[in-house]
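Trainee: Each residue of the sequence shown is one higher than the one before, starting from 1 at the first, in the working numbering.
Hints listed in this document are in silico derivations from the structure and should not be mistaken for laboratory results.
Cβ-Cβ distance ranges computed for the label pairs, FRET-style:
id, residue 1, residue 2, range
1, Lys-209, Gly-142, 49 to 57 Å
2, Val-185, Ala-258, 18 to 26 Å
3, Ala-163, Ala-134, 18 to 26 Å
Note that beta-carbon positions come from the ideal geometry of N, C-alpha and C, so glycine has one too.
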Amino acid sequence: MRSGAKAAIVGGVFAVVASGVGYGGYNLWNGITGGDTDLGSQSAPAPKTGPVTAEEVSATAKDFLAAWAAGEPERAGRLTNDPVTAGPAVAAYREGASVSKAVITPGTPVGTKVPFTVRATISYEDVSKEWSYASELTVVRGQTTGRPLVKWQPSVLHPKLTAAGTLRTGVAKTAEVKAVDHDGVELTAEKYPSLRPVLAELRKRYGSKVDGTAGVETWIDSGSENVPDTPLLVLRKGKPGTLRTTIDAGVQAAAEKAVKGFGQASVAAIEPSTGAIRAVANNPATEFNTALMGQQAPARR
1 MRSGAKAAIV GGVFAVVASG VGYGGYNLWN GITGGDTDLG SQSAPAPKTG PVTAEEVSAT
61 AKDFLAAWAA GEPERAGRLT NDPVTAGPAV AAYREGASVS KAVITPGTPV GTKVPFTVRA
121 TISYEDVSKE WSYASELTVV RGQTTGRPLV KWQPSVLHPK LTAAGTLRTG VAKTAEVKAV
181 DHDGVELTAE KYPSLRPVLA ELRKRYGSKV DGTAGVETWI DSGSENVPDT PLLVLRKGKP
241 GTLRTTIDAG VQAAAEKAVK GFGQASVAAI EPSTGAIRAV ANNPATEFNT ALMGQQAPAR
301 R
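From just these sequences and the hints, can you work out the full model?
Mentor: Listed below in structure tokens is the structure:
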């Protein structure tokens with residue numbers, strides 16, 4: 001463990017505090033072998049088989065989270081079943097998101113899954129802010145080594161992170177957009193959950209065109225021009241630009257209430273005389289806007 005990192009077991013709960021962002025390059029050979037192959041040994045025991053044990057789950061999760069929090073991507077990668085991908089991803093987490101410190105606390109394992117919480121400090125230029133969230137990992141047995149390993153997937157680092165996405169901290173690409181309805185009533189995702197993907201798309205399309213200034217944020221860069229980025233944390237607010245929409249706040253509220261009466265439902269309210277969209281609502285309210293993007297024709301009643 002490099003200088004500046006501390007690890008401790010306190011009351012059975014593991015926590016790691018790491019500071020600084022510098023660490024060595026990724027060792028490709030160790031990444032491929034998982035660091036557990038003794039090339040000089042001709043009588044290595046047969047790899048262990050069978051389900052991972054509770055002890056293996058706890059120990060593997062503890063070791064992986066310790067390496068991640070300490071800024072040791074090579075070691076973290078070797079504790080996964082895909083070290084060539086995981087090692088650089090752990091390194092990019094700290095560098096790309098400008099994480100200066102992290103405390104990672106495992107929860108109680110449930111079978112092979114281990115929930116954990118991350119409390120990190122994001123530092124960019126002259127501004128710092130705390131960032132907290134929860135995620136989970138799964139421990140599996142390595143197919144060739146028989147070792148207990150973390151099943152690698154990007155969501156281990158953050159539940160919204162995908163293989164195509166990258167964590168970033170810096171001046172946002174576009175200013176925030178303050179969307180209002182046709183009468184000037186502000187539309188927020190907290191009050192109108194179904195509008196969350198709509199508001200994200202409006203920012204992507206019009207954030208650089210409205211009269212606003214970008215702030216400093218942490219976000220997931222989608223890696224695609226067709227997919228909006230995902231804001232995660234605002235370190236320093238900019239000035240949002242106001243964008244008037246055709247939505248009617250009253251109709252939107254009624255639509256949100258109506259779809260909640262069904263397990264799965266979507267509504268798009270359109271004013272016949274103008275074609276203006278007055279409301280968009282979905283249950284469940286997800287990142288995919290079924291009301292506008294669904295390809296199955298609605299049932300007529």
